[in-house]
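Build out the structure end to end from the sequences listed, making use of the hints.
Number of protein chains: 4
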Amino acid sequence: MSDQERPLDVAELQRRLLDFAVARDWGPYHTPKNLVAALSVEASELLEIFQWLTPEQAAAVMREPERAHRVEDEVADVLAYLLQFCTAVGVDPLAALAAKIERNELRFPVGRTPPLDGV
Amino acid sequence: MSDQERPLDVAELQRRLLDFAVARDWGPYHTPKNLVAALSVEASELLEIFQWLTPEQAAAVMREPERAHRVEDEVADVLAYLLQFCTAVGVDPLAALAAKIERNELRFPVGRTPPLDGV
Amino acid sequence: MSDQERPLDVAELQRRLLDFAVARDWGPYHTPKNLVAALSVEASELLEIFQWLTPEQAAAVMREPERAHRVEDEVADVLAYLLQFCTAVGVDPLAALAAKIERNELRFPVGRTPPLDGV
Amino acid sequence: MSDQERPLDVAELQRRLLDFAVARDWGPYHTPKNLVAALSVEASELLEIFQWLTPEQAAAVMREPERAHRVEDEVADVLAYLLQFCTAVGVDPLAALAAKIERNELRFPVGRTPPLDGV
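Chains as they are written, first to last, in the working numbering: chain R, 108 to 226; chain L, 108 to 226; chain U, 108 to 226; chain G, 108 to 226.
In case anyone wonders, no lab produced these hints; they're calculated from the structure. Remember, it's a predicted structure, so these values are computed and weren't measured experimentally. Please note: incorrect hints may appear among the correct ones.
Said to hold, decoys possible - To give a feel for the contact side, a few chain R residues facing chain U, derived at Cβ under 8 Å:
id: 1; residue: Phe-127
id: 2; residue: Tyr-136
id: 3; residue: Ala-144
id: 4; residue: Ala-145
id: 5; residue: Ser-151
id: 6; residue: Glu-155
id: 7; residue: Gln-158
id: 8; residue: His-176
id: 9; residue: Thr-194
id: 10; residue: Val-196
id: 11; residue: Val-198
Beta carbons: idealized from backbone N, C-alpha and C, even for Gly.
Rendered as structure tokens:
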């Protein structure tokens, strides 16, 4: 069942997520609107881990095993729903990000960009 | 500036995002707590595109060029903050997802898993 | 302890929430930034109840006692953090909403306002 | 048009929001599932104001007029969607919050409750 021997790859993970959902008859639930709601819910579950922490506690979050595991688990959930949404609507997430980085390099020129709290 | 000739790769995108932030002195803003708040905000911006759409309109979202561009742009933002968060806390997002899929294969056995609205 | 005999009032609930937090030494956690993160997390927990439901199932959510209780519980949490945030920053939530409704009456004139999925 | 002369009241604001939506034919969009998605989106827009601020900057947010206005505007939007959701599903938000405070007084006894980052 494990594909761990091969290097991990986004397209391969997308295929495994799709097979997983199809095998459990979850396809009808995985509409674009539902998947993006689920993505947003999982991003908030990741935020929940940090909501009462000071910046210092937050920076040390991975040193506490139980919290570290929750962080990895929620990262996985966010990525899972993001990839399933991309599969559902036919967006290539890596190409979308590469294109955005190039647009941002023009939009925020080095040396002429304000601090981030003023953007 | 473009790395488009080589196949896109998550680790490479993470390096470009880090270089981008460092070049603009945005590093101090990119704490784990701030990045996870930003991730959650971007996931909601993706949800906002869909909030008033019927399931049918949502399924056709990529056929309308302006909405399709917004979807790609927000997917890029969600992935950007997820990867920057992973860089900040030292989590490998693809490994976290692969591990989660394997746990879920045990947790939700094929043929013995309820419909998703009852999970 | 109960104030149920008197009609409920937003200012009174704000005072009870403040007393509650002070009595448990939670004041230092209740910064504006933390409270607004918590508000966002609780709004997502309310969304989570609905994420896989069809529009029809969602419309009937209060007919199922267990889901109805979760809905009431999450409504309470959203309102609690919204009111605590308003206390922390000194915003009057009812006045803010009344002012917004009046601005929106000008912004979206009756008879000349597009359907909401086009706004 | 203004009801400002009378003291503001949650039930009255709910009625005005309902009239506002009905007058613009927005009723069909205001399903429980859509309203809760919109609530979550607006809570994130409030969070967005704070995402890059230090705790100190966040505490001073109302001293800057432009940011103060955005905060009031987003508080109004969050409350508007919360109240419209409550109207749609038939939940009394003040009663739900009062009941939750009483449950929390039993769940988190004074003097025996851990710090909030450990709850």
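Hint check:
no.	hint	result
1	Phe-127	violated (15 Å)
2	Tyr-136	holds (5 Å)
3	Ala-144	holds (4 Å)
4	Ala-145	holds (5 Å)
5	Ser-151	holds (3 Å)
6	Glu-155	holds (5 Å)
7	Gln-158	holds (4 Å)
8	His-176	violated (19 Å)
9	Thr-194	violated (17 Å)
10	Val-196	violated (17 Å)
11	Val-198	violated (20 Å)
This entry does not satisfy hints 1, 8, 9, 10 and 11, going by the numbered hints stated previously.
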